[in-house]
Amino acid sequence: MSRWLKRIYASVIFLFLYAPIIVLIIFSFNAGKYSGNWEGFSLKWYQALLTDRSIMKALYYTVLIAVLSSLISTVIGTLAALGIHHMKPLRKNIMLNVNNIPVLNPDIVTGVALMTLFGFFKMQFGVSTLLIAHITFNIPYVILSVLPKLKQLPADALEAAMDLGATPWYAFRKVIFPEILPGIITGALIAFTLSVDDFVISFFTTGGGVTNLSIAIFAMARRGIKPVINALSTLMFGTVLGLLLIINARSGDVTELDV
Amino acid sequence: MFRKHSAFPYVLWSAVFIIIPLLLVAGYSVTTKDSQTGEVLLSLENYQKFFDPLYIKVLWRSVRLAGQATIICLALGYPMAMILANMPVKKQRTAALLFILPMWMNFLLRTYAWMSILGKNGIVNRVLEFLHLPQGHFLYNEGAVLLGMVYNFLPFMVLPIYTVLTKIDVSLIEAAEDLGANAATVLRYIIVPLSVPGIISGITMVFMPAVSTFVISALLGGGQFMLVGNLVEQQFLLVNNWHFGSAISMILMVLILISMAVLNRYDTSSEKEVNMI
Numbered sequence: 001m002s003r004w005l006k007r008i009y010a011s012v013i014f015l016f017l018y019a020p021i022i023v024l025i026i027f028s029f030n031a032g033k034y035s036g037n038w039e040g041f042s043l044k045w046y047q048a049l050l051t052d053r054s055i056m057k058a059l060y061y062t063v064l065i066a067v068l069s070s071l072i073s074t075v076i077g078t079l080a081a082l083g084i085h086h087m088k089p090l091r092k093n094i095m096l097n098v099n100n101i102p103v104l105n106p107d108i109v110t111g112v113a114l115m116t117l118f119g120f121f122k123m124q125f126g127v128s129t130l131l132i133a134h135i136t137f138n139i140p141y142v143i144l145s146v147l148p149k150l151k152q153l154p155a156d157a158l159e160a161a162m163d164l165g166a167t168p169w170y171a172f173r174k175v176i177f178p179e180i181l182p183g184i185i186t187g188a189l190i191a192f193t194l195s196v197d198d199f200v201i202s203f204f205t206t207g208g209g210v211t212n213l214s215i216a217i218f219a220m221a222r223r224g225i226k227p228v229i230n231a232l233s234t235l236m237f238g239t240v241l242g243l244l245l246i247i248n249a250r251s252g253d254v255t256e257l258d259v
Numbered sequence: 001m002f003r004k005h006s007a008f009p010y011v012l013w014s015a016v017f018i019i020i021p022l023l024l025v026a027g028y029s030v031t032t033k034d035s036q037t038g039e040v041l042l043s044l045e046n047y048q049k050f051f052d053p054l055y056i057k058v059l060w061r062s063v064r065l066a067g068q069a070t071i072i073c074l075a076l077g078y079p080m081a082m083i084l085a086n087m088p089v090k091k092q093r094t095a096a097l098l099f100i101l102p103m104w105m106n107f108l109l110r111t112y113a114w115m116s117i118l119g120k121n122g123i124v125n126r127v128l129e130f131l132h133l134p135q136g137h138f139l140y141n142e143g144a145v146l147l148g149m150v151y152n153f154l155p156f157m158v159l160p161i162y163t164v165l166t167k168i169d170v171s172l173i174e175a176a177e178d179l180g181a182n183a184a185t186v187l188r189y190i191i192v193p194l195s196v197p198g199i200i201s202g203i204t205m206v207f208m209p210a211v212s213t214f215v216i217s218a219l220l221g222g223g224q225f226m227l228v229g230n231l232v233e234q235q236f237l238l239v240n241n242w243h244f245g246s247a248i249s250m251i252l253m254v255l256i257l258i259s260m261a262v263l264n265r266y267d268t269s270s271e272k273e274v275n276m277i
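From first to last, the protein sequence lines stand for chains P and X.
This note's numbering puts the first residue of the first sequence at 1, with every later residue one more than the last.
This note's numbering puts the first residue of the second sequence at 1, with every later residue one more than the last.
Simulated from the structure, these hints should not be mistaken for lab results.
No experiment lies behind these values; they were computed from the predicted model shown.
In this text, a Cβ means the ideal position worked out from N, Cα and C, and glycines have one as well.
Please note that the accuracy of each hint is not assured.
Stated by the list, open to error - In silico BS3-like pairs for lysine-lysine, Cα to Cα no more than 27 Å straight-line:
#1 X:K91 to X:K167
#2 P:K44 to P:K57
#3 P:K33 to P:K88
#4 X:K120 to P:K44
#5 P:K57 to P:K122
#6 P:K149 to X:K167
#7 P:K6 to X:K91
#8 P:K174 to P:K92
#9 P:K226 to P:K44
#10 X:K120 to P:K6
#11 X:K167 to P:K6
#12 P:K149 to P:K122
#13 P:K151 to X:K167
#14 P:K92 to P:K149
#15 P:K122 to X:K33
#16 P:K33 to P:K226
#17 P:K226 to P:K57
#18 P:K151 to P:K92
#19 P:K57 to P:K33
#20 P:K44 to P:K33
#21 P:K88 to P:K174
#22 X:K33 to X:K49
#23 P:K151 to P:K174
#24 X:K167 to X:K90
#25 X:K167 to P:K226
#26 P:K88 to P:K149
#27 P:K33 to X:K90
Claimed, not checked - To be clear about the criterion: a stretch of chain P counts as covered by chain X if any three or more of its residues have a C-beta under 8 Å from a C-beta of chain X, and this derived list gives those stretches:
#28 22-30
#29 234-244
Said to hold, decoys possible - Residues from chain P that keep clear of chain X, each with C-beta distances beyond 12 Å, as calculated:
#30 Q47
#31 L64
#32 L71
#33 S73
#34 A81
#35 P89
#36 Q124
#37 D163
#38 P178
This is chain X alone, in the form it adopts within the complex (with noise of 0.2 Å):
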């Protein structure tokens, strides 16, 4: 009796508000509204629009920065991962802890502790002005904007590759080793292929949100400062036009589909490792 019927609430629950929303923005985006007899007409004028110059620099400014956060997020994180990997365990368990507490944290505090530092009076241009050396501008420009990404999302990237780590047999490094190995061919022969996995969900899971965030753009790249993500707000919640605003977010859900996919062939594992909880 119980088995049968329990799931019915939820599969009620996800085709109203999963499914029929998203079909719903389909919809929009592919519709346009005529302004003066309000009559709704199928079009793609929409997705034309997007491929306006102005729009397409807005698109290309997000992969790119997205892009450069992840990389600079995988170098980064790759070696902590493996220190934290390396760790004694009863220090991993706490390093661990340690590493991801920030991430529990608001994530507009975070991002709003870097406008305090970085600001005309942060404390950045205090040490500077202490050194006697010159102030300057570090907030409302792409490298703050790219230094929030970064930091908002480095346990993203660490996390998984951590975990990948950790489960690697010791015994194959050990072969590798007595078979005559220095640590640099052990690296490169043996941890680095056997953490694949961990990588690909690693740049996944930096690249997704990078490129659609529109709050770390709003916060320190000033009100000028345009990504993917602040052009689907200032669609849908400034100029009200929501069948752009649904063109922008099919693009964006497209962009995102198109990276997993692509991620995924270089992801060789036959388990694949779902990193969700």
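Chain P with its partners taken away, still in its complex shape (with noise of 0.2 Å):
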């Protein structure tokens, strides 16, 4: 008995999860313009999405800032935590501490902290300001999956290979690098999909036109229901699921994975 009402229960929950994105996915295929009417397979929403200017532009704009934002944070999240792990017990808390507010602090509290920097200097919003933004969140997550990595080094790898005649750099390259290279990894797929899915902050950060896909969606959804949406949903679902499969077979255990 119990072992069913335990299978019903999961079912249930699951198809609480699943049901409002297979609605979606569904109805992307569907002629007509609301979720409740079948009128017929048609692919036209994704012909509409795909001569939609500006849902094109803030795709381009999406995959710049997550690419270009990815790079940055990971080459600088992984530097900082090289020195975090070194740092003397005081600086190291006080720099994990600062790590930590952007992870904690609720994302409209960072995005109007980010927009009061930017608007007091007179920066112009626009892509340079979205980067900075992006960067300044995803840092934290990269620093956070490469720090266990070096933990898990043994303390004296770069003294012994330089006993061996290694120079400093020889050895971080040939003996430190390759053991946190899953950290990194990690870290930069965190962080582009992190940026690749941002909304709160890039609405307070971004300006002149430029948007990205979450904002494109906030945008049309705020007017009422739009079917190009659905085929849009679906096309992001399929891609992160790509991307999660990748990461699932890197990390090994994807539930440690999330937030």
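With the hints as a guide, bring both chains together as one complex.
In structure tokens form, the structure reads like this:
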């Protein structure tokens, strides 16, 4: 009895989680406008999506910002993790706490705080402010995925290599780097995904007609139902599924990856 | 050489883009700008303004809705976490993966999905029509906002509890059973107390984003429906009163700090489970 009860309960919860997504996907192929009336199979919303200038532009900015911000934050974050790992306890603690601020603060506060900064210094809102914002919220996650790998390293690995005649740079490249590489790649992937997914912080830190996909979706959804969004959801869900499978294959345990 | 200076770029970056912005927000919140002279004056006016019944009502609504969403998530999520944790290892991995998959879909799309389901021409109303039942307005009310919160944040409740449950030493449960405890006693005296750290992180991870959201309320609550997040958005983007907006942001931050401090008091475990990554 109890086994069946568990199964039914789990199924209901999974249905609750997936039903909206499945409805979106199914009705992205609907010839009609509303998710209730099936008026036949059609790819017209996909066609409309691909010819929609504003969405294509938003897609371009989303990818541009995601690629640039994840690359830059991976470099800065990895270097920072190396430095933080060797810091004295007090400084280390301060840095880790500062690093946690963007992670723990509500997105909206991070967003308006950055907006205030850019506004205060009269910066032009656009790609550069958006990029800075994304780098800022990405770096902490890179650091948090590289640090555990550094902790796993034997403390004297670098010294041992140098005793054997390696230059510091050579020792780093051949001994440290390969060991922490999985953490770096995981961090980069998290940064990329967070950047693609971000809405709130981007919403406050962009301007001048620069929008990412999330902002474009918000603008459209605020005005009501648009089946083009269904088509977009389907494509994005497919992409995310792909990305997740890659991360999962890499890290082994995907549940530990999540916020 | 390397280790000494490699954190320098980030020290600089975090000072400029993490610390200074927060100091600016704090600064804006305790100043006002005279609309005629443009003079910036130190004052607590923004905070006083917030204690108008109009704004207090919005704050109370945010806290109440976020609280309700948290309780519903806990009630729905705890049994789900137990079911996941008790699955055979092979199935468990797939099930956990399936569980977090929707979370990786764009947050706005997940919220939008409910718009198209609950809307006037949505699937719920079509089903009601088919069953010859009266159709209703399911969108643009408090219930829709609550549903949106539960839907978006349920995985945040389940995952930390699930993680803690999988780490419970089975021999403790076996020992209790050997001593004659039945399933209810084991649950009440062994499993639940040991999963408190997971429950605490779950509550934190649901309550925080729920109380500060403005997307869910903007899309599922309609334009008229205000939460604290919407107030902040309005002050910064519409009204352009950064001083008042900053004061609300500060209040939001303090609210979250207080709730974290309260929650941490209940977390009696010596080893703090940091659920970040």
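Verdict on L71 of chain P as a residue remote from chain X, using beta-carbon distances over 12 Å: holds, 14 Å
Distance restraint between K44 of chain P and K33 of chain P, which requires alpha-carbon spacing of 27 Å or less: holds, 11 Å
Hinted pair K57 of chain P and K122 of chain P, Cα distance within 27 Å: OK: K57 of chain P and K122 of chain P at ~26 Å, within 27 Å.
Consistency of the no-contact label for P178 of chain P, given chain X and a CB cut of 12 Å: holds, 16 Å
Claimed clearance of chain X by A81 of chain P, with the beta carbon kept past 12 Å: violated, 8 Å
27 Å Cα cutoff - pair K122 of chain P, K33 of chain X: holds, 17 Å
Given pair status - K174 of chain P, K88 of chain P, alpha carbons within 27 Å: holds, 26 Å
Hinted pair K226 of chain P and K44 of chain P, Cα distance within 27 Å: Judged against 27 Å, a Cα distance of about 13 Å means the pair holds.
Hint consistency between K120 of chain X and K44 of chain P [alpha-carbon to alpha-carbon, up to 27 Å]: holds, 23 Å
Chain X covers the segment 234-244 of chain P, three or more CB atoms within 8 Å, holds or violated: holds (count 6)
Hinted pair K151 of chain P and K92 of chain P, Cα distance within 27 Å: holds, 13 Å
Proposed proximity, K226 of chain P with K33 of chain P (alpha carbon, max 27 Å): holds, 7 Å
The earlier numbered hints that this structure contradicts are 3, 10, 12, 25, 27, 33, 34.
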